Each structure stands twice: as structure tokens, then as C-alpha cells.
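> Go ahead and model the full structure; you've got the sequences and the hints to work with.
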Amino acid sequence: MAGYRKLGRTSDQRKALLRNQVTNLIYHGKIKTTESKAKEVRKIAEKLIALAVKEKDNYTELTVTAKVPRKTEDGKRVKEVVDGKKVTLFDEVERTIKKDEASRLHARRQMLKILYPVKEVPTTNSKKKANTKEINLVDKLFDDIAPKYVDRNGGYTRIIKIGPRKGDAAEEVILELV
999 MAGYRKLGRT
1009 SDQRKALLRN
1019 QVTNLIYHGK
1029 IKTTESKAKE
1039 VRKIAEKLIA
1049 LAVKEKDNYT
1059 ELTVTAKVPR
1069 KTEDGKRVKE
1079 VVDGKKVTLF
1089 DEVERTIKKD
1099 EASRLHARRQ
1109 MLKILYPVKE
1119 VPTTNSKKKA
1129 NTKEINLVDK
1139 LFDDIAPKYV
1149 DRNGGYTRII
1159 KIGPRKGDAA
1169 EEVILELV
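In case it helps, my numbering puts the sequence shown at residues 999 to 1176.
No wet-lab data here; the hints were simulated from the structure. Errors might be hidden in some of the hints.
Said to hold, decoys possible - No more than 30 Å apart at the CA atoms, straight line, and that leaves these computed lysine-lysine pairs for DSSO-like:
1) 1037 with 1054
2) 1065 with 1097
3) 1096 with 1065
4) 1127 with 1013
Computed from a predicted model, the values in this text were never measured in an experiment.
What follows is the structure in C-alpha cells.
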């Protein structure tokens, strides 16, 4: 017997399907799917959350100074004429950053192998690319999801059966984070 369900798909289709489902589960907190898909997604999601819980506090905070271009109210860079050339003005800003330790960096890269990048498009002005926002799901795992499950040893997801689907009578479930 195989170690996983084939779900009636080729390997690349199956991998893409599972990655998409896991990404949506992490992003939305719950998904509606068939029972067999949910059981496969659960395996992957539980491993990601366990990895995030393990490496949650494995970083150091550093204070760095960075040069940031000065901008006007409408978002354009402020320029000054020096020796007949236009030069952008910069301000020095101090920022606190998190520097991952080696094991947390490895965990981050393992998560990025599975999770798809997510772009959040606002409902107003949805046709403009400038208003889209890149959501970092790995940071969401480390900062939002992992602290909730620190005291828990596994069992981060729950499957709730909701009955057969109308079209093909496949057993549908809701897979959610506990």
C-alpha cells in the first residue's frame, strides 16, 4: 500500500492541488473539500505548523540604520539639483529586524517549498496593481499561528463532516485550524 493517496491525478497535478489547499488553509483558517483530500492536506499542514512551533523563538533582534528616500505626500521621491544633476534625498532611519538563526532559516525555506505566494487584492480599486499587497504566509505561521499552539502536541487541525456533495455524492468536509 502506498504512503499517500493518489487522488486520481498525476504527480505534478496532485502536488499543485495539495500545495494550493495547504496555502488556502493557512491563509483563510479553514477550507471545504472532500474527505480524502482533507486527510492529505492535514498531513502537510500539521508538519508545517509543528515546524513553526518548534522554531518560533529562534531568532535575534538587531537594530540597523538604513537609508530611505525622502518622499512627498503623493509618494514621489524628493529630488535636489546638485552640480547640475538631479539627486534623490535620503533620510537615515533606525529599524529593528529579526535575524533568523540557521535552523529557523532552514525551516522557513522548507515552508516556502510548499506554500504558494499570496497576493491580497482590495475590493475597491481592484484593477490597480499598486494596491495589491503581498502576504507572507511564513511570517503568519511563525508570528500568528505558532504562538496559539505552543502548549499543544500535535492535532492542530480538525475535520468536520458536512455530508455528501450534490453532484457526485463525494463526502465533503470542512478542514479547519483548531
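> For each hint, tell me whether it holds in the structure or not.
Status of each hint after checking the structure:
1. 1037 with 1054: OK: residue 1037 and residue 1054 at ~25 Å, within 30 Å.
2. 1065 with 1097: Holds. Residue 1065 to residue 1097 sits at ~19 Å (cutoff 30 Å).
3. 1096 with 1065: holds (18 Å)
4. 1127 with 1013: holds (29 Å)
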